[in-house]
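Asker: Chain by chain, the residues:
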Amino acid sequence: MAVTTPSTAEDRSRPGRPRRHRSAGPLFVAPFLVLFLLLFLAPLGYAAYLSLFQTRLIGGTVFVGLDNYAQALGDSQFLHGVGRVALFFVVQVPVMLLLALLFALALDSGLLRLSRVIRLGIFVPYAVPSVVAALMWGYLYGPDFGPFAQLSRNLDLPAPHFLSEGWMLGSLANIVTWEFVGYNMIILYAALRTVPHELYEAAAMDGAGAWRIAWSIKLPALRPALLLTLLFSVIGSFQLFNEPNLLMKIAPDVISSSYTANLYAYSLAFTGQQVNYAATVSFLLGLVIVIASYGVLLTANRRRTP
Amino acid sequence: MPRNAFTAASSSPMSRRLFLTTTGALSLGAALTACGGGDSSGSSGSAAPVSKADIDKAMKTPTELTFWTWVPNIAKEIALFEKKYPAVKVKVVNAGQGTPQYTKLRTALKAGSGAPDMVQMEYQAIPTFTITDSLLDLRPYGAAELKDRFVDWTWGQVSGAKGEVWAIPQDTGPMGLLYREDIFDKHGIDVPGTWDEFAEAARKLHKADPDVYLTNLAANQPAAWHGLLWQAGAKPYATSGKSDITISVDDAVSRKLGAYWGGLAKEGVISVDPDFTDGWYAGLNKGKYATWITAAWGPAFLSGSAKATAGKWRAAPLPQWDAAKPNAGNWGGSTTAVIRSTKNPVAAAVFAQFLNSDPATAKMFATEQFFFPATKALLTDQEFVSDAPSFYGGQKVNQVFADISATVDPSFQWPPFLDQAATDWTETVGKSLADKSDTVAALGTWQSRMTTYAKNQGFTVKGS
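Residue numbers (the UniProt record's numbering), protein chains in the order written: chain A, 1 to 306; chain B, 1 to 464.
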């Protein structure tokens, strides 16, 4: 349209700008918008629509309004699943990010030998598909023939029960930490590399040691990157799925089909054929993630403003 | 045949390879709901027979059929079909084994496109798909005439309430006992003929060697539990009409079974490790378990996955509740079903029948894929039953299982929501075995969970 309209006052006022320019913007954005609509908004809308119905094996589909939501809010399986991943988040994420931070600072300090090898070594677990990682750890955790069990038996110690009810969340946290420390480390390390070296030199001239530089220069510089990794971790934790889903095969008595909220939604859809209720649970889980992420942002910003 | 279970076996690379090389696995299907009435405006009253002339015409019309199956090397069997009917081409798609395939199938059915013409389907999954009107009744294409060729109980499994034929049997898994002769000899244990003797042997063996258990009853294996229920004469599920269902997994027979196995687990004289896992394979190889309660596909599977123990295993029927009336259950096996939405019902139905009832293809399944046959002819075929593999010390293992096959109770039924039943089992009964808590009480929880689910799905639940 803009192309066909005769030049407007605005155009005349800036003659250097070709008219075509204005219509190019939407064209550039269009592919994104189309994908965004098709791949994000449409499925979301469809899921929201589905969550308002109930489909039964006998009797077909009926509109039930918000009944599914009311049911989910009182569903102890769903609530326990959310509680479990919240606990997981609170314990696992600080450990993982702290480790990632330590590795990033150590690599950045330049004091490590073989730093390339170490960097790659820390990152490699991220390249291992989580399915493979869970299978591998599942083997390591094995109570009879796993290496840890065999080792402790050879030392006449009781074998650790990695797959028991009390240890399971910790065992899962260990797998997830192993997988994602390298990923987070790379983000933090990359952020560190962008800090201008003059700052270090100036600080050194002022008499700051390595710890002081890390605390007063590097850490503040890392804040945006840390926030990013934290946000990713919120989402990742609440969506915990692959690891429990795979360990379920070797510890079926500990990991139930509703162990995490995401696993519960999956089981509802694919085991129970309750697609509508699964959509409801997924939607509520999404809401929990939005709230948690927002909470994280809010806390971080509040800290920064003063 | 499928070996395993209602839940997809988790597979280590080793187990996966085995699954693929020997047979398909069984799992139970999960599903994206189909439901809601599906396409079927369909009356399921018996349709008029299709005439011989129509069938001949259809088989001479160039057609391409799509077949979802996880059977390895099935191209050999299909080549025989295409040789007989050159106009019909069959395209094989491996959409996963057991549950993953059913999930894809349900999604395709719900989407209304992308579903195959024919599909590999385990016996226990059939009601889960007929409840959504997804399978084609094969009677009009002459399937009913094949009844006498198949082992009686298999025909009961593929038949509907009004005599519909929903699928053609391909292979089976009558249950028996594989045991370590060397361990039995070392500890002076006789092959138990009854479950009481079995329990005594379990106590004796574990006392003599605390590292060895007489058997492992997997806490994640609802399929094996159903097989044991089947053997004990239980009728856990019964449907009448479309929406009436009786669920009785907490009746006298079930409680007897629950008290028996729960008691042995609590005593700690049997192990309850999840099966088809690394630890379980290691246990089989290292002599942790002196027996494996398994099905007719077990011998071929074991000889591939416990090579270290070659020559030490033997086969026997399961111990009995009543030694005077030998009874057996079934675990595994599958069929070929035709999807109702097919555009070539005649060719697809002929294919399903030919693939499993033609003597040449049926035999090929037994010799190439080591499937345990569903046809009566093969079960008495001298070449088949006299096979004496060295892994079993030259014992005629096929003959043992062929004899067991004749004692499988033909009236066992599956629920129309098997996946849910299987998951609920694992989280109640299976969990009680693993936790060494009260298995009989867990049966009650299983019963009530399934009852609640069935009611929520619109069923009228009786007898609970």
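None of these hints come from the bench; they were simulated from the model.
A portion of the hints provided could be inaccurate.
[Stated by the list, open to error] Some but not every residue of chain A turned toward chain B, in silico, with C-beta under 8 Å:
id, residue
1, Ser115
2, Tyr139
3, Leu169
4, Gly170
5, Asp253
6, Ser256
Treat the numbers as computed from the prediction; the structure is a model and nothing was measured.
Every residue, glycine too, gets a C-beta built ideally from N, C-alpha and C.
Asker: Hint by hint, note whether the structure agrees.
Answerer: Verification of the hints:
no.: 1; hint: Ser115; verdict: violated (34 Å)
no.: 2; hint: Tyr139; verdict: holds (5 Å)
no.: 3; hint: Leu169; verdict: violated (17 Å)
no.: 4; hint: Gly170; verdict: violated (19 Å)
no.: 5; hint: Asp253; verdict: holds (3 Å)
no.: 6; hint: Ser256; verdict: holds (5 Å)
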